[in-house]
Amino acid sequence: MSLSLVTLFLLSIMVFLGGQVLPGNVGRAILGPFADQRAVDALNHTLGVDRPLLTQYWGWISNFVQGDMGTSYIFRSPVAPFVIDALGNSMKLAAVAFVLVVPIGILGGVVAALNLNRPLDRIISLGGLSVTVLPEFVTGIILILIFGVWLRWLPISAAWPRNAGFFTQLYYLILPSLPLFLVLFGYIARMARSGMIEALDSDYTRTAVLKGLPWRTVIWRHVLRNALLPTITVIATQTGYLIGGLVVIETLFRYQGIGSLIFTAARGKDFPMLESGILTIGIVYAVATLIADFLYSMLNPRIRLESDQ
Amino acid sequence: MSAVQSTSPVPDDTRRRGPLAEVFYSLLRSRTFLVGLAIVLFWVACALFGEHFAPYDPLADDIINALAPPSSEHWFGTDQIGRDVFSRVIVGSRDILTVAPLATLLATVAGTALGLITGYFRGLVDDVVSRILEAFMAIPVVIVALLAIVALGTSKTTVIVVIGLSFAPIIARTVRSAVLAERELDYVAAAQLRHESALHTMFVEILPNVIPPILVETTVRLGYAIFAVATLSFMGFGIQPPSPDWGLSISNNYGMIGGGFWWTVLFDALAIASLVIGVNLAADGVHGALND
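Same order as they appear, the protein sequences are chains A and B. Residues in the first sequence are numbered consecutively from 2, following this note's numbering. Residues in the second sequence are numbered consecutively from 39, following this note's numbering.
Hints are computed from structural coordinates only; laboratory data are not their basis. Honestly, I wouldn't trust all of these hints.
As the list claims (entries may be wrong) - Below, in silico cross-link-like pairs of lysine to any residue (SDA-like), each with a Cα-Cα straight-line distance of 20 Å or less:
no. : chain 1 : residue 1 : chain 2 : residue 2
1   : A       : Lys270    : B       : Gly161
2   : A       : Lys270    : B       : Ser193
3   : A       : Lys270    : B       : Gln278
4   : A       : Lys270    : B       : Thr196
5   : A       : Lys270    : B       : Thr192
6   : A       : Lys270    : B       : Leu190
7   : A       : Lys270    : B       : Gly274
8   : B       : Lys194    : A       : Arg268
The shape of chain B in the complex, shown without the other chains (with noise of 0.2 Å):
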C-alpha cells in the first residue's frame, strides 16, 4: 500500500500519510487497543516459549504431590495425578493459539470469497446463496460442532474447519454490504469498460477496497472463534488430551470442584477470560481505528 502511495501524484512535501499509516497511528494511540495487544501477545509469547520459563513439564505427574494446594513451589498447586497447574496453564495456549486463528483465516478467506460474489453478482445468486447462508447462521456453532465432531471424529482439523465455516457466512455478509456500495463507484465502471473479467474486477478492483470492514470483521471473530475453540475442548469435543489446553482442564478437573480443589479450574479459567478480553479489546480498538 506505501508503494502505491509514494507514486501516487500527492506532492512529497505535504508529508501526507498513507491510509493504512494513518490506521495504525491512530491505533497506536489507542488505549484499549494497546492494552487489549499486550495481553494478546503475552499469551502468544507463553503458547512460543512457554516451556523454556515453565517451572515443571506441563505433562509429567508426580502422584505423590496430586492435589496439593498453590505453595511455593507449585504456585497455582497440582491437578489430579500432581502435574503443575502453572506449568500447564502457560502451555496450555498453545494449541487454542492455532486452532481459533486458522479457524478465523479459513472464515475469512471462505467469507470473503461468498461476500464477493453475492455483492457483485447479486439477482438469483445472491438471493439463493444469502437465504442459505442466513439459514445456517441460525444454527448455533455448538450444534454444528456436536453434528460434524460425532459424523468425522475428533481432530484440530474438524474443528478448525467446523468454526471456520460457521464463521463465513457472517463475514460474507459484512463483506456483502461493503461490495454493494462499492460497485456502484466509478472504478468499477471503468473496470467494466474495460472487458476486465468478473474475478479480477472482483479480487484485485473491489477487494482492496472493502479491506477495512473485513479486518474489523476477522479481529472480532477470533474473539468468538476462542470462545469457540474453548467450549469444544471443555465438551471434550476440541483440542484432546494429553493437551494441557485450558478448556480440555477444566473439563478435567471440574467433577471435583466440589471437594475444593479451586485451583485446578480457576487459573484456567481466568486464562481464558484474559485471552477473550484482550482479543475483544483489541478488536474495539481496529474497529475504532478504522471507523474514525
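The following block holds chain A by itself, in its conformation from the complex (with noise of 0.2 Å):
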C-alpha cells in the first residue's frame, strides 16, 4: 500500500518535471516560431506557466485530486471528460483480455504441472515462454495479417461503428486483445505450473492421496487452491505491464483509449493531457495493487486468520 502511494508521488513528480523540462516554452510552442513575444509571454501568463515550479506542482497537484485536470493545450477545453472517455474505453478492452487470459493461462499453466515433462508441458512452456517475450506490436502486426488481412475473420481497427452494441464492440476488442493475451499468457502460465508443481510435491497432497481421497478432490480442495496463490499475485502484478502494452496496443489499432490519449499528447506536446493521463493510470495501478494484496489475503487461510486475532 504505501509503496504504491510513493510510486504515485514519484509518478507524478517525473510526470511534473516531464512536462516543465521541455526545451523552449509552452506558448513558443503553440503558437509557433513567428508569435509576438508579448503573446507568448501573456498565453505562458494565462496558462500559469511562469509561475514558480513548487507552486506550479502544487497548484496542480491538488487541483488533479479535486478531479480539475485542467484544460487542454490543443483542444483548449477541460481535459477530465477526454481523460474519463479513454479510461473506460481501455478498461474495455483489458478487460477483454484479463477475462481471456486468467482462466485460460491457469488452464494451460495447471495442465502443464499435470503433464510434468511430457510433449504437452514442452508446448504449453515453451510456447508461452516464446510469445511472451515479443513485444506486442510484433505479435499484433502478424495477427492483424493473419486474421484480418489473410483469412478476414476479424477488423483490423478497432474503432466499431458508432451505436455499436454490446456484442459489436466485443467482436472489434478480440483482435487488439489478442497480443496482451499472448504475452500475459505466458507469466501467468508459468507461474501456475509452478505452483502446481510445488503443491502436488508437498506432504498435505501426499497424505491426501494416500488417505485415499480420489484424484479428482486431491487436485481440486487440495492442490488448487494452494497453487493459485501465487498466480493471482502475479495477475495484480502484471497491470503495470498492461499498461504499457495499452500504449503500443491502442497506437496500433487505433483505438481511443488512455493509451492513445497519452500516445497523441506526448507527440503534441499538450502537457496538461499528457500529465493527467499518465498520473491516472497511476492510480488505476494503485487501486488494483491494494485489490491484489486484499484478494491475496481473503484467499490465504495464514494471512486472514492472523489479522483476525
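Dock chain to chain to rebuild the complex, using the hints, since each chain is given by itself in its own frame.
Written out as C-alpha cells, the structure reads:
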C-alpha cells in the first residue's frame, strides 16, 4: 500500500518535471516560431506556466485531487472528460484481455504441471515463453495479417461503428486484446505451473492421496487452492505491464483509449493531457495493487486468520 | 580468471578446469544456448557487413517499382517508395543492435553499483534507495520513455539512457540479494579486518564473486532492451528516419496493411521476433550453465 503511494508520488514528480524541462516554452510551442514575444508571454501567464515550479506543482496536484485536470493546450477545453472517456475504453479492452487470459493461462499452467515433462508441458511452456518475450506490436502485426488481412475474420481496426452494441464492440476488441493475451499468457501459465508443481510435491498432497481421496478431490480441494495463490499476485503485478502494453496496442489498432490519449498528447506536447493521463493510470495501478493485496489475504487462510486475532 | 587459477595451490596433474572454463564448456553443450547464439550472430553479421551482401541500397527509392510484391527481383518486395525490403531488413539490424546493447551495458553498470552499495551498507541507505527503486520499477518503461523523450527530444542517446536507467533497478535488486549473501562470508570479514576501504571491499573483493548472477540478469535484460527499443521505434520515439530500422519500418508501413501490402511489415516483424527469441534462448542457456 505505502509502496504504491510512493510510486504514485514519484510518478507525479516525474510527470511534472517531464512537463517542465521541455525545451523551449509552452507558449512558444503552441503559438509557433513566428508569434510575437508579448503574445507568448501573455499566453504563458494565462496558462500559469511562468510561476515558480513548486507553486505550479502544488496547484496542479491539488486541482487534480479535486478532479480538475486542467485545460488541454490543443483542444482548449477541460481535460477530464477526455481522460474519463479514454479510461473507459481502455478498461473495456483490458477487461476482454483479462477475461480471456486469466482462465486460459491458469488452465494452461495446470495442464502443463499435470503433464510435467511430457510433450504437452513442453509445448505450453516453450510456446508461452516464446510469445511472452515478443513485443506486442510484433505479435499484433502478425495477428492482423493472419486474421484481418488473409482470413478476413476480424476487423483490423478497433474503432467500431457508432452506436455499436455490446457484441459488436466485443467483436472489434478481440483482435486488439490478443497481443496482450499472448504476453500475459506466458507469465500466468508459468506461475500457475510452478505453483502446481510445488503443491503436487507437498506433504499435504501426499497425505491426501495416501488417505485414499479420489484424485479429482485431491486436485480441486488440496492442490489448486494452494497452487493458485502466487498466481493471483502475478496477475495483479501485470496491470503495470498491461498499461504499458495498452499504449502500444491502442496506437496500433487506432483505439481511443488512455494509451493512445497519452501517445497523442506526447506527440502534440499537450502537457495537461499527458500529465493527467499518466497520473490517472498511476492511480489505476495503485488501486489494482491494493485489490490484489486484499484478494490475496482473503484467499490465504494463514494471513486471514492472523489478522483476525 | 584463468591466470588466478594457474597460480592456485591446486596440483596441476588433476587437470581441473577453472570455474569460467567449466561454464564455457557447459554452454557449448547447451543446445538452447547454441541455437540462440547462432540467431544473434547471424543478425550481428548483418549489422556489421549487411550492406556488402544486400542486393540493393536500403535507402535508394525507386518510385516506379513502389509496393511491388515479392518476386525474383525483389525477394521481399518493395515498400511505398520502392525501397527493397530484403535489403532494408538485413541492414535494419544495425541500429537496434547498437542501441539495445549499450542500454543494457548502462543498466548493468548502474545497477551493479547500486546493488553493491545497497547490499553492502544495508541499513538506512538500503531502505531509502531500495524503496525508491521499487517504486520506480512499477512504472512501465514505455511511460518513462514517453516522458523523457517528450522532455529531452528524440535521439539514440535519450533512448539508451531511458532504457538503461529503467532497467538499472532490476539489476540492482539481483545484485543486492547476491551481495547480502556474500557479505556474511569470511573473505569479506578478512578484508574488513585488514581495514580495506568500503570501495575496495565492494568492487575488488565482492564484485568478482557476484559476476554469475549479473551475467544472467544482463543477458535476460538484453532481450528486454531489444523489446523496448523496437517498441519505442515503432511508436516514433526511438530510432529515427531514414534508418531502415525494423520497428520504424513497421510504423511507416502498417497503415497500408488493410490494402494487402503484407510484405512491407511481415519480414520486419519476423526479424524482430527472431532476434528477441534468439537473445532469450541464449539467456536461457547462460542461466542454465551458471546454475548447474
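Verification of the supplied hints:
1. Taken as a hint, the Lys270 of chain A and Gly161 of chain B pair is broken in the structure, with Cα atoms around 42 Å apart against an allowance of 20 Å.
2. As the CA atoms of Lys270 of chain A and Ser193 of chain B are separated by approximately 17 Å, the hinted pair is consistent with the 20 Å bound.
3. With a C-alpha separation of about 18 Å, the suggested pair Lys270 of chain A and Gln278 of chain B falls inside the 20 Å cut-off, and the hint holds.
4. Taking the CA atoms of Lys270 of chain A and Thr196 of chain B, the gap is near 17 Å; set against the 20 Å cutoff, the hint holds.
5. With a C-alpha separation of about 13 Å, the suggested pair Lys270 of chain A and Thr192 of chain B falls inside the 20 Å cut-off, and the hint holds.
6. Restraint check: the Cα-Cα separation between Lys270 of chain A and Leu190 of chain B comes to about 12 Å, which is no more than 20 Å; the hinted pair holds.
7. At most 20 Å may separate the alpha-carbon atoms for a hinted pair to count; Lys270 of chain A and Gly274 of chain B meet this at roughly 14 Å.
8. Between the alpha carbons of Lys194 of chain B and Arg268 of chain A the distance comes to roughly 18 Å, so the proposed pair stays at or under 20 Å and holds.
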